[in-house]
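K.L.:
Residue numbers (my numbering), protein chains in the order written: chain A, 66 to 172; chain B, 60 to 301.
Do not rely on the hints blindly, as some may be mistaken.
Keeping only pairs whose Cα atoms sit at most 20 Å apart, straight-line, the calculated EDC-like set for lysine to aspartate or glutamate is [stated by the list, open to error]:
| no. | chain 1 | residue 1 | chain 2 | residue 2 |
| --- | --- | --- | --- | --- |
| 1 | A | K103 | B | D218 |
| 2 | B | K148 | A | E96 |
| 3 | B | K147 | A | E96 |
| 4 | B | K285 | A | E96 |
| 5 | A | K103 | B | D238 |
| 6 | A | K125 | B | D259 |
| 7 | A | K122 | B | E288 |
| 8 | A | K122 | B | D218 |
| 9 | B | K147 | A | D94 |
| 10 | A | K125 | B | D218 |
| 11 | A | K103 | B | E237 |
| 12 | B | K282 | A | D94 |
Just so you know, the hints here were simulated from the structure itself, not pulled from any lab data. Small disclaimer: the values here were computed from a predicted structure and weren't measured.
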Amino acid sequence: MMHSALIVAVIALVTALIRFAPFLLFPQDRELPAIVTKLSSLLPSAVIGMLVVYCLKGVKLLSSPHGIPELVSCAFVVLLHVWRRNTLLSILGGTALYMILLQLVFR
Amino acid sequence: MDTAKKAFTASLPVMAGYFVLGSAFGVLLSDKGYSFVWAFAMSLFIYAGSMQYVAISLLTGGASLISTALMTFMVNLRHLFYGISMLKKYSGTGKYRPYLIFSLTDETYALVVNGAPEGTDEHLYYFLLSLFDHCYWVAGSTIGGLIGAALTFDTTGIDFAMTALFVTIFLEQLLAAEDYFPAITGVLATVLSLILFGPDTFLIPAMLLISVILTVYGLLQMKREKTAETDAPAAGREEEER
Numbered sequence: 066m067m068h069s070a071l072i073v074a075v076i077a078l079v080t081a082l083i084r085f086a087p088f089l090l091f092p093q094d095r096e097l098p099a100i101v102t103k104l105s106s107l108l109p110s111a112v113i114g115m116l117v118v119y120c121l122k123g124v125k126l127l128s129s130p131h132g133i134p135e136l137v138s139c140a141f142v143v144l145l146h147v148w149r150r151n152t153l154l155s156i157l158g159g160t161a162l163y164m165i166l167l168q169l170v171f172r
Numbered sequence: 060m061d062t063a064k065k066a067f068t069a070s071l072p073v074m075a076g077y078f079v080l081g082s083a084f085g086v087l088l089s090d091k092g093y094s095f096v097w098a099f100a101m102s103l104f105i106y107a108g109s110m111q112y113v114a115i116s117l118l119t120g121g122a123s124l125i126s127t128a129l130m131t132f133m134v135n136l137r138h139l140f141y142g143i144s145m146l147k148k149y150s151g152t153g154k155y156r157p158y159l160i161f162s163l164t165d166e167t168y169a170l171v172v173n174g175a176p177e178g179t180d181e182h183l184y185y186f187l188l189s190l191f192d193h194c195y196w197v198a199g200s201t202i203g204g205l206i207g208a209a210l211t212f213d214t215t216g217i218d219f220a221m222t223a224l225f226v227t228i229f230l231e232q233l234l235a236a237e238d239y240f241p242a243i244t245g246v247l248a249t250v251l252s253l254i255l256f257g258p259d260t261f262l263i264p265a266m267l268l269i270s271v272i273l274t275v276y277g278l279l280q281m282k283r284e285k286t287a288e289t290d291a292p293a294a295g296r297e298e299e300e301r
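Work out the full structure, taking the sequences as your base and the hints as a guide.
P.N.:
Here is the structure:
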């Protein structure tokens with residue numbers, strides 16, 4: 066149990082270090098280098114794009130169901146969102162459809 | 060009060076996702092003989108979803124502290140990106156700042172990136188968003204640890220809530236963007252890296268690729284802005300402020 070507690074402590078510490086690193090590297094009382102300011106405006110949409118792919122990394126296109134539930138549900142989320150622009154509705158609708166597809170259609 | 064209400068509404072999708080993913084984590088952990096206290100403490104102090112799932116195998120396998128540190132570094136390195144893009148947004152947040160930085164998960168990042176709605180106290184809004192999300196995660200995993208495998212409702216596929224959240228936020232970014240290059244870079248670089256390196260190790264090469272491309276792109280853009288500024292200094296300034 067002692068070793069387990071140490072493992073948890075190490076994970077917590079390293080995670081916090083990574084999260085704090087940029088803020089320690091660039092303290093708020095000093096002017097940011099221009100390229101860092103630039104990056105901070107370019108990064109967000111790239112990172113969110115990366116996260117979308119990250120969420121879908123486990124999808125296997127070559128074996129059944131060939132990522133169809135994911136593709137259909139993502140497309141549904143996009144349509145729903147373009148139509149109503151309501152984040153909660155888009156997420157609930159997409160998730161419900163995905164669960165139905167997985168549990169009833171592609172089981 | 061209005062700020063709290065708006066922060067709560069914005070956090071609802073994460074509530075759904077965190078309850079599910081958090082309780083699944085608690086259930087898995089209790090299956091391995093770790094009581095809900097462990098789930099509670101890990102979610103409170105580590106507060107990094109995918110890493111906590113990895114932690115289960117580290118714990119049961121009795122991993123060394125060195126390999127634990129390395130593993131954490133690799134799984135969580137993406138948080139560097141979040142920090143870099145929040146440097147401006149989180150400067151001047153005063154007493155909230157340490158907690159805002161500590162609690163910057165994928166999902167909270169995605170919500171904060173969207174900005175604070177009109178008429179709210181911006182810093183308080185970010186703080187409450189972060190706090191609510193953290194509470195959902197801790198509550199979800201503790202409940203999961205308590206009820207263990209007694210769960211009967213078939214939740215297969217409910218984790219899609221997180222994917223859907225990122226898809227909607229990505230869409231919001233696209234709809235608001237004047238420049239699609241960063242978004243496209245993010246997707247294509249990650250897909251390319253996934254194809255080349257496989258699902259276990261693709262994230263770090265993807266981050267490197269994105270950093271290199273966007274740095275070059277940013278430098279070129281700055282150069283162009285500088286040339287434009289000699290023609291119209293005021294316009295260049297405004298662009299910089301955004």
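K.L.:
Each hint: holds or not?
P.N.:
Status of the hints after comparison with the structure:
1. For a cut-off of 20 Å, the pair hint linking A/K103 to B/D218 is broken: about 34 Å separates their Cα positions.
2. A distance of roughly 14 Å separates the Cα atoms of B/K148 and A/E96; the hinted pair therefore holds under the 20 Å criterion.
3. Proximity of B/K147 to A/E96 is assessed by CA-CA distance (about 10 Å); at most 20 Å being required, the pair is judged to hold.
4. For the hint linking B/K285 to A/E96, the alpha-carbon distance of about 19 Å falls within 20 Å, and the restraint holds.
5. In summary, the hint linking A/K103 to B/D238 is supported, as the alpha carbons are separated by about 13 Å, within the 20 Å threshold.
6. A hinted pair counts as satisfied when its Cα atoms are at most 20 Å apart, and A/K125 with B/D259 qualifies at roughly 14 Å.
7. A C-alpha spacing of about 43 Å is found between A/K122 and B/E288, which places the hinted pair above 20 Å, so the restraint is violated.
8. Of the pairs offered as hints, the one joining A/K122 and B/D218 holds, with about 14 Å between alpha carbons and a cut-off of 20 Å not exceeded.
9. Of the pairs offered as hints, the one joining B/K147 and A/D94 holds, with about 11 Å between alpha carbons and a cut-off of 20 Å not exceeded.
10. With a CA separation close to 17 Å, the supplied pair A/K125 and B/D218 stays within the 20 Å bound.
11. In summary, the hint linking A/K103 to B/E237 is supported, as the alpha carbons are separated by about 15 Å, within the 20 Å threshold.
12. Only pairs whose Cα atoms come within 20 Å are accepted, and B/K282 paired with A/D94 is rejected, the gap being roughly 26 Å.
Consistency note: the structure conflicts with the earlier hints numbered 1, 7, 12.
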